[in-house]
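Engineer: Residue numbers (the working numbering), protein chains in the order written: chain P, 258 to 582; chain Z, 258 to 582.
Any given hint could turn out to be false.
Using C-beta positions, here's what the derived DEER-type ranges look like [stated by the list, open to error]:
#1 GLY547/P to THR324/Z: 38 to 44 Å
#2 ILE544/Z to ASP315/P: 56 to 62 Å
#3 GLU371/P to ASP315/Z: 41 to 47 Å
#4 ASP578/P to PRO390/Z: 38 to 44 Å
#5 ARG551/P to LYS573/Z: 45 to 51 Å
#6 VAL501/P to ASP394/Z: 14 to 20 Å
Which chain P residues stay away from chain Z? Per the calculated CB distances, all over 12 Å, these [claimed, not checked]:
#7 PRO393
#8 ALA448
#9 ASN490
#10 VAL501
#11 LYS528
#12 VAL536
#13 TRP548
List time: in silico SDA-like cross-link candidates among lysine to any residue, alpha-carbon distance up to 20 Å [as the list claims (entries may be wrong)]:
#14 LYS425/P to PHE540/Z
#15 LYS425/Z to ASN347/P
#16 LYS559/P to LYS425/Z
#17 LYS425/Z to THR405/P
Treat the hints as calculated values from the structure; they're not laboratory data. Ideal Cβ positions, reconstructed from N, Cα and C, are used throughout, including at glycine.
Protein chains: 2
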Amino acid sequence: MKILVTGAGGMIGRKLVERLAADKALGGKAITGMTLVDVTESPIPDGCPQGTKSLVLDYSERGVATTLMQERPDVIFHLAAIVSGDAEANFEKGYKINFNGTWALFEAVRLEGEQSPYKPRFVFASTLAVFGPPFPDPITDDFALTPTTSYGTQKAMTELMLADYSRKGYLDGVGVRLPTICIRPGKPNKAASSFFSGILREPLAGVEAPLPVGDDVRHWFASPRSAVGFFINAATIDTATLGVRRSMTMPGVSATVGEQIEALRKAAGDKAVALIKRVDDPFVATIVKGWAGRYAPALATKMGFKAEKNFDEIIKVYQEDEMGK
Amino acid sequence: MKILVTGAGGMIGRKLVERLAADKALGGKAITGMTLVDVTESPIPDGCPQGTKSLVLDYSERGVATTLMQERPDVIFHLAAIVSGDAEANFEKGYKINFNGTWALFEAVRLEGEQSPYKPRFVFASTLAVFGPPFPDPITDDFALTPTTSYGTQKAMTELMLADYSRKGYLDGVGVRLPTICIRPGKPNKAASSFFSGILREPLAGVEAPLPVGDDVRHWFASPRSAVGFFINAATIDTATLGVRRSMTMPGVSATVGEQIEALRKAAGDKAVALIKRVDDPFVATIVKGWAGRYAPALATKMGFKAEKNFDEIIKVYQEDEMGK
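Throw the hints in and build the complete structure from the sequences for me.
Structural biologist: This is the structure in structure tokens:
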């Protein structure tokens, strides 16, 4: 079993590769080699099979997709993308990388299959940004694709194409719409969602953290460990039961900021909570208002995708995986 | 006011151009010229302004979109496409023409606007094939894009892109999801839906017509005249109230085959109905089973799109427009 991972140098990509290296198998089949692709060097963790290599490549550049598929990976984890803010600021670049680049991967698979039979599992990292307001509460699997960003549009278009390539038998696609990942390790970033991790991560380390929204803001979360679990499950489920709908909203924890804070209090006490500093940031507050707080991920749940049950669990995962507790 | 029509040689395209030529204006502004594009010669009807030309061009060929937009049409009616069966049989061709070709038109508009401000109304002919089973009855505006054909996928992807280009202010898009057009003038064709027109058109002309499905099959219809009305309305509505959702399911008549037949009986008597011959065609029957029979086109209705009320009206339109009655 050969595996290709794009975006292998990113936060989730690295964790996915570490998990695959530790498992040494996927869906009961031994992993014989992994090709890790990113625009920067992807670390090769201990335990990877010998035939593992890290390639510094932009998957969307001409010819790259064809070269990657000539190795005929059995499973492709396509995590690489440019992020929402970048795609919004750079219209052409967003379509070129997020949409055309991914289409080039699909096409390379299809054309490889024209040489001799080839139909890999293609796991695609999608996003809840395929949905935009106004939306119902919760957002169900049947709700319309209504992105309000170029990033969400590119992902939604790719989801449709993934389904069509799967229906035609050119590949075996599964699209995974990730919740907001929390608690992200590392430093705060410029994403509008950064504070959702920051208000837990920083106080757990004894550091102050800004909170730019009210306690009643509700959002949809899963841990990095769950995200890796989603990708592994997407690679191994029986897609025969999926029919033509190949992209699924992942399960998650629906929680308000207030509930996040109470979970922090339970885990680390009032002293930790006191490190959360209320700040005014109307820009972030307005963006966050456009996000949904609840989903009804019926299909993914039926297909065995699992997230945490509450924020106590999400904090525990962070303490175990990032703080060595 | 300059107008560009692609697919101007097709059945609806010709009727649209005739209507524009008769109206001599669109949204209260005089039409000064029309550019009619199709892969075959588009007829130029009487009454067209002097600056009207018919170009035999494939809009999806390299460079064509740029050339067309250099004339800076105020309204673009994009009706050209390859049909469902062709797109299904010829995968690459379908994406190249229906998707990439339309994207090239969007891009040509955007790049023209980079020279100096330009933001035309872009009316896009979409399809109810953006929806596939299983679906609710009726299908609402909020229902997921779930195409089960490459044609429907290409149209759904284009709808998403039309919304994104509109949101970014590069063009002012309106997508029109057409019902099955009935009664189509002319001869039966190979479309699975051909019989819906045939069982009325042929008996009205005293000719036998095959019926390959049962009386209880329900479908969604509008006349060619209504289709033209949809496009005119799409060109003139105030899109400020639409928000990010730019493509709409058009209103129509939900009717069973049995109701079609009763309308025929009212219009032309038992003798006409007797010309309908029951035939067995499991292939067509299976395809038709995958189609929805009812929609709830709330947004389009609010935006002033209008179809017939029942099949009596649809037959009357055919008699007036095609039989000179």
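Engineer: So does ASP578/P sit 38 to 44 Å from PRO390/Z, Cβ to Cβ?
Structural biologist: holds (42 Å)
Engineer: Between LYS425/P and PHE540/Z, is the straight-line Cα distance small enough, at 20 Å or below?
Structural biologist: holds (19 Å)
Engineer: So ALA448/P supposedly isn't at the interface. Is its beta-carbon more than 12 Å from every beta-carbon in chain Z?
Structural biologist: With a cut-off of 12 Å, ALA448/P remains clear of chain Z, as the shortest Cβ separation is near 20 Å.
Engineer: Grab the minimum beta-carbon distance between LYS528/P and chain Z and tell me whether it stays above 12 Å.
Structural biologist: Its Cβ never comes within 12 Å of chain Z, the nearest being 44 Å, so this holds.
Engineer: Does the no-contact call for TRP548/P survive, Cβ to all of chain Z over 12 Å?
Structural biologist: TRP548/P is indeed farther than 12 Å from all Cβ atoms of chain Z, at 15 Å.
Engineer: What's the verdict on LYS425/Z and THR405/P, does the C-alpha distance respect the 20 Å limit or exceed it?
Structural biologist: The given pair, whose Cα atoms are some 10 Å apart, holds under the 20 Å limit.
Engineer: Can you let me know if the beta-carbon spacing of GLU371/P and ASP315/Z is within 41 to 47 Å?
Structural biologist: At roughly 25 Å between Cβ atoms, ASP315/Z and GLU371/P fall outside 41 to 47 Å, so the hint is violated.
Engineer: A range of 56 to 62 Å was offered for this pair. Does it hold for the Cβ distance of ILE544/Z and ASP315/P?
Structural biologist: violated (42 Å)
Engineer: Decide, holds or violated, for the assertion that all CB atoms of chain Z are farther than 12 Å from the CB of ASN490/P.
Structural biologist: Holds: least Cβ distance 22 Å, greater than 12 Å.
Engineer: Holds or violated: are the alpha carbons of LYS425/Z and ASN347/P at most 20 Å from each other?
Structural biologist: Between LYS425/Z and ASN347/P the Cα gap is close to 11 Å, so the pair holds against 20 Å.
Engineer: Check the hint pairing LYS559/P with LYS425/Z against an upper bound of 20 Å on the C-alpha distance.
Structural biologist: violated (38 Å)
Engineer: Are ARG551/P and LYS573/Z spaced within 45 to 51 Å by their CB atoms?
Structural biologist: holds (49 Å)
In summary, the structure is inconsistent with hints 2, 3, 7, 10, 16 from the numbered list given earlier, while agreeing with the others.
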